[in-house]
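Q: Residues per chain are reported as follows:
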Amino acid sequence: MKITKAEVGHVARLARLELTEEEQETFTGQMDAILAYVEKLNGLDTAGIIPTAHAVPMENAFREDEVVPSIGVDNALANAPDRVEGFFRVPKVIE
Amino acid sequence: MQYQAVIGLEVHVQLLTNTKIFCGCSTKFGASPNSQTCPVCLGMPGALPVLNKKVVEYAIRAGLATNCSIAQRSVFARKNYFYPDLPKGYQISQFELPICVNGHLDIEVDGKVKRIGITRIHMEEDAGKLVHGDVPGLGQGSGVDLNRACTPLLEVVSEPDIRSADEAVAYLKKLHQIVVYLGICDGNMEEGSFRCDANVSVMPVGSDKFGTRTETKNVNSFRFVKQAIEHEIERQIEVIEEGGRIVQETRLFDPNTGTTRSMRGKEEAHDYRYFPDPDLVPLVISADWVEDARLSLPELPEAKRARYLAELGLTAYDAEVLTASRELAEYFEACTALYPQAKSVANWVMGELTRALNEDGKGIADSRVTPQLLVDLLELIDKGTISGKIAKTVFDEMYKTGKAPAAIVAEKGLVQVSDTGEIERIIDQIMAANAGQVEEFRGGKEKVFGFFVGQVMRASKGKANPALVNEILLKKLKG
Chain Z
4 MKITKAEVGH
14 VARLARLELT
24 EEEQETFTGQ
34 MDAILAYVEK
44 LNGLDTAGII
54 PTAHAVPMEN
64 AFREDEVVPS
74 IGVDNALANA
84 PDRVEGFFRV
94 PKVIE
Chain P
31 MQYQAVIGLE
41 VHVQLLTNTK
51 IFCGCSTKFG
61 ASPNSQTCPV
71 CLGMPGALPV
81 LNKKVVEYAI
91 RAGLATNCSI
101 AQRSVFARKN
111 YFYPDLPKGY
121 QISQFELPIC
131 VNGHLDIEVD
141 GKVKRIGITR
151 IHMEEDAGKL
161 VHGDVPGLGQ
171 GSGVDLNRAC
181 TPLLEVVSEP
191 DIRSADEAVA
201 YLKKLHQIVV
211 YLGICDGNME
221 EGSFRCDANV
231 SVMPVGSDKF
241 GTRTETKNVN
251 SFRFVKQAIE
261 HEIERQIEVI
271 EEGGRIVQET
281 RLFDPNTGTT
291 RSMRGKEEAH
301 DYRYFPDPDL
311 VPLVISADWV
321 EDARLSLPEL
331 PEAKRARYLA
341 ELGLTAYDAE
351 VLTASRELAE
361 YFEACTALYP
371 QAKSVANWVM
381 GELTRALNED
391 GKGIADSRVT
401 PQLLVDLLEL
411 IDKGTISGKI
421 AKTVFDEMYK
431 TGKAPAAIVA
441 EKGLVQVSDT
451 GEIERIIDQI
461 MAANAGQVEE
471 FRGGKEKVFG
481 FFVGQVMRAS
491 KGKANPALVN
501 EILLKKLKG
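Line by line, the protein sequences are chains Z and P. Position one of the first sequence corresponds to residue 4 (our numbering), numbered consecutively onward. Position one of the second sequence corresponds to residue 31 (our numbering), numbered consecutively onward.
Since the hints were derived computationally from the structure, they do not count as laboratory data. Incorrect hints may have been included.
Partial pick of chain P residues on the chain Z-facing surface, computed with a CB cut under 7 Å [said to hold, decoys possible]:
1) 47
2) 49
3) 63
4) 65
5) 67
6) 81
7) 114
8) 118
9) 165
10) 168
11) 170
12) 171
13) 174
14) 301
15) 311
BS3-like mimics (lysine-lysine), calculated; alpha carbons at most 27 Å apart, straight line [stated by the list, open to error]:
16) 419/P with 95/Z
17) 95/Z with 43/Z
18) 442/P with 413/P
19) 144/P with 83/P
20) 95/Z with 109/P
21) 247/P with 95/Z
22) 430/P with 419/P
23) 256/P with 58/P
24) 83/P with 58/P
25) 491/P with 413/P
26) 5/Z with 159/P
27) 413/P with 392/P
28) 256/P with 159/P
29) 109/P with 8/Z
30) 392/P with 430/P
31) 118/P with 95/Z
32) 493/P with 508/P
33) 118/P with 203/P
Simulated coverage check for chain Z against chain P, where a stretch passes if three residues somewhere in it have a Cβ under 8 Å from a Cβ of chain P [claimed, not checked]:
34) 46-58
35) 86-92
All of these numbers come straight from a predicted model, not from anything done at the bench. Cβ coordinates follow ideal geometry from the N, Cα and C atoms, glycine included.
Chain Z on its own, in the form it takes in the complex:
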């Protein structure tokens, strides 16, 4: 086994996903198969190869430090389920 049901449960919790027992079983099996497949790569000699950080062979995409107009508060909040004044309103966050 490449991954345990407990690990799947942990990752789901971190992602705030609620999985049923059954789903956990299913995903554990599926993820295990995926990991086993990807593990084939371990058979290759990768010494001296820089880890790939990006699929596109490109580097240094920059923008200059110039202000572009923002979209405005109403656009910013257009999809907000709840708002007060110019704020998004969310359930109380306890500090």
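Since chain Z is already given, all that's left is putting chain P on it; use the hints.
A: Chain P only, in chain Z's frame:
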């Protein structure tokens, strides 16, 4: 048992760019909530971040000024966690390949120089701001303002080389001075432009095994850093002495009580699952780029102080005061470029000018007394046009009005009287009016001399050349 504290600091430096790190929204402080946002910093699906080149330039400067190596290749990573001030559900940061590594700063505490290692400096975006309670209508909710989201930060991580609160403060002050000198941060701690998290642990003296550490968050003044660290050291020692164990946790400093307290249990949240951000391509920095940055660095305070001692012959104290801020140092240097007697300039800048500015709560940038005006004043003294004492009167007027000192002297009739005939005439009058004191002097009571000097200066409204007054008066009194 005796304990030794072990401290490492993480400092967040907000960069002085016009725009955010991955989008063109303004970073101006104090705008109305969510008015400086766009799909990128709101975390809208499909919006793509593009790196602000200036952030990279500033990071390179910071790295060079703190003796770091600049990584030829660095990569942005996603730090995953959920919090309402973080719209994407991850923060774009750097993890395995930060832009700067292996630096150090030398600090001085109690006359001893100590080297504090800098593990790394990386670039990242700030989160938004949460408000609780102080907005009508929020009720039991919290408000989210994403203006600050995506503001560029550098995180400067020190090695656990710091052993006391005083060392921590010395390190922070030095780092603060450097980033402000570099012009990459405004250094405003109250507004959060320079904030510090302190990792503190204690171990028995002589041990080489660090204790469990706690992280105290967002301490926003040098004084609070000292208090927070001292309190945390004491607290940990107390827990251990009572047979307890230190729990690895995040703590919050409370400036009202000077103590720290445990924050939300976020053990699980520490599982950040970093991975390279597929939205951003790797950053490759050429040797030429680093070299250009090195050449464009301003002279840093440490180098300035050394130069002031060696070349200008100032005292260590003068050099320290004059380099405290880049503006003050540049003002001083603008003066010495026009007028080479550095010590006189230093005396006036640190004396009259600083006093006047402090009284008004102003900075050197607000001063009406330009370097040229101050130098003009010093030259008037050198030429004997005015005395050093009158110069202070002229200075006050110049400070208030920004008028040229020569104009003030002419306008107010402050030209020093160096005409010996005129001075003799005044002295004769005074001696005639104070025959008794003349007798006393001649009878051996030499203290009366001061009385005569005072009278002559008063009669001349302070304008008589003091050296000439002394000379002529002495001659005449001795008869």
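Q: Each of the hints needs a verdict: does it hold here or not?
A: Evaluated hints:
With a least beta-carbon distance of about 5 Å to chain Z, the hint placing residue 47/P at the interface is held under the 7 Å criterion. Against a cut-off of 7 Å between C-beta atoms, the interface hint on residue 49/P holds, since the closest Cβ of chain Z lies about 5 Å away. Among the interface hints, the one on residue 63/P holds; its C-beta lies about 4 Å from the nearest C-beta in chain Z, closer than the 7 Å criterion. Contact between residue 65/P and chain Z, as hinted, is supported at the beta carbon level, the nearest pair being about 5 Å apart and thus within 7 Å.
Proximity of residue 67/P to chain Z holds as hinted, the smallest CB-CB distance being about 5 Å (cut-off 7 Å). A least Cβ separation of about 6 Å between residue 81/P and chain Z falls short of the 7 Å threshold, and the interface hint therefore holds. Restraint check, residue 114/P versus chain Z: the minimum CB separation of about 5 Å is within 7 Å; hint holds. For the restraint placing residue 118/P at the interface with chain Z, the shortest Cβ-Cβ distance is roughly 13 Å, beyond the 7 Å limit, so the hint is violated.
At its closest, the beta carbon of residue 165/P sits 6 Å from a beta carbon of chain Z; the interface hint therefore holds under the 7 Å criterion. For residue 168/P, the shortest C-beta to C-beta distance to chain Z is roughly 5 Å, which falls under 7 Å, so the interface hint holds. Interface hint status for residue 170/P: upheld, as the beta-carbon distance to the closest one in chain Z is roughly 5 Å, under 7 Å. The closest approach between the C-beta of residue 171/P and any C-beta of chain Z is roughly 5 Å, which is under the 7 Å cut-off, so the hint is satisfied.
A hinted interface residue such as residue 174/P counts as satisfied when its beta carbon comes closer than 7 Å to some beta carbon of chain Z; here the least separation is about 4 Å, so the hint holds. The beta carbon of residue 301/P is positioned within 7 Å of a beta carbon in chain Z (closest approach about 6 Å), and the interface hint is therefore held. Look at residue 311/P: its Cβ gets to within about 5 Å of chain Z, closer than 7 Å, so that hint holds up. A distance of roughly 65 Å separates the Cα atoms of residue 419/P and residue 95/Z; the hinted pair therefore is violated under the 27 Å criterion.
Between residue 95/Z and residue 43/Z the alpha-carbon distance is near 47 Å, which puts this suggested pair outside the 27 Å criterion. With a C-alpha separation of about 18 Å, the suggested pairing of residue 442/P with residue 413/P holds against the 27 Å cut-off. For the given pair, residue 144/P sits about 34 Å from residue 83/P by alpha-carbon distance, which is inconsistent with the 27 Å threshold. For the proposed pair residue 95/Z and residue 109/P, the alpha carbon gap of about 23 Å is at most 27 Å, so the pair holds.
Under the criterion of a C-alpha separation no larger than 27 Å, the hint pairing residue 247/P with residue 95/Z is consistent with the structure, at around 21 Å. Taking the CA atoms of residue 430/P and residue 419/P, the gap is about 18 Å. The hint holds against a cut of 27 Å. For the suggested pair residue 256/P and residue 58/P, the alpha carbons sit about 30 Å apart, so the restraint of at most 27 Å is broken. Between residue 83/P and residue 58/P, the direct Cα distance comes to roughly 18 Å. Compliance with the 27 Å bound is thereby established for this hinted pair.
Simply put, residue 491/P and residue 413/P have alpha-carbon atoms about 19 Å apart, close enough for the 27 Å limit, and the pair holds. Note on residue 5/Z and residue 159/P: the hinted pairing is violated, with a Cα-Cα distance of about 40 Å set against a maximum of 27 Å. Between the alpha carbons of residue 413/P and residue 392/P the distance comes to roughly 31 Å, so the proposed pair goes past 27 Å and is violated. Taking the CA atoms of residue 256/P and residue 159/P, the gap is near 26 Å; set against the 27 Å cutoff, the hint holds.
Annotation: proposed proximity of residue 109/P to residue 8/Z holds, straight-line Cα distance about 24 Å (limit 27 Å). A threshold of 27 Å between alpha carbons decides the hint, and for residue 392/P with residue 430/P the separation of about 13 Å falls inside it, so the pair holds. Of the pairs offered as hints, the one joining residue 118/P and residue 95/Z holds, with about 19 Å between alpha carbons and a cut-off of 27 Å not exceeded. Distance restraint check for residue 493/P and residue 508/P: the Cα-Cα separation of roughly 24 Å lies within the 27 Å cut-off, and the hinted pair is therefore satisfied.
With a CA separation close to 34 Å, the supplied pair residue 118/P and residue 203/P exceeds the 27 Å bound. By the rule of at least three residues with a Cβ nearer than 8 Å to a Cβ of chain P, the coverage given for the segment 46-58 of chain Z holds, with 4 such residues. Only residues whose beta carbon comes within less than 8 Å of a beta carbon in chain P count, and the segment 86-92 of chain Z has 6; three or more means the coverage holds.
Violation of the numbered hints given earlier is confined to hints 8, 16, 17, 19, 23, 26, 27, 33; the remaining hints are satisfied by the structure.
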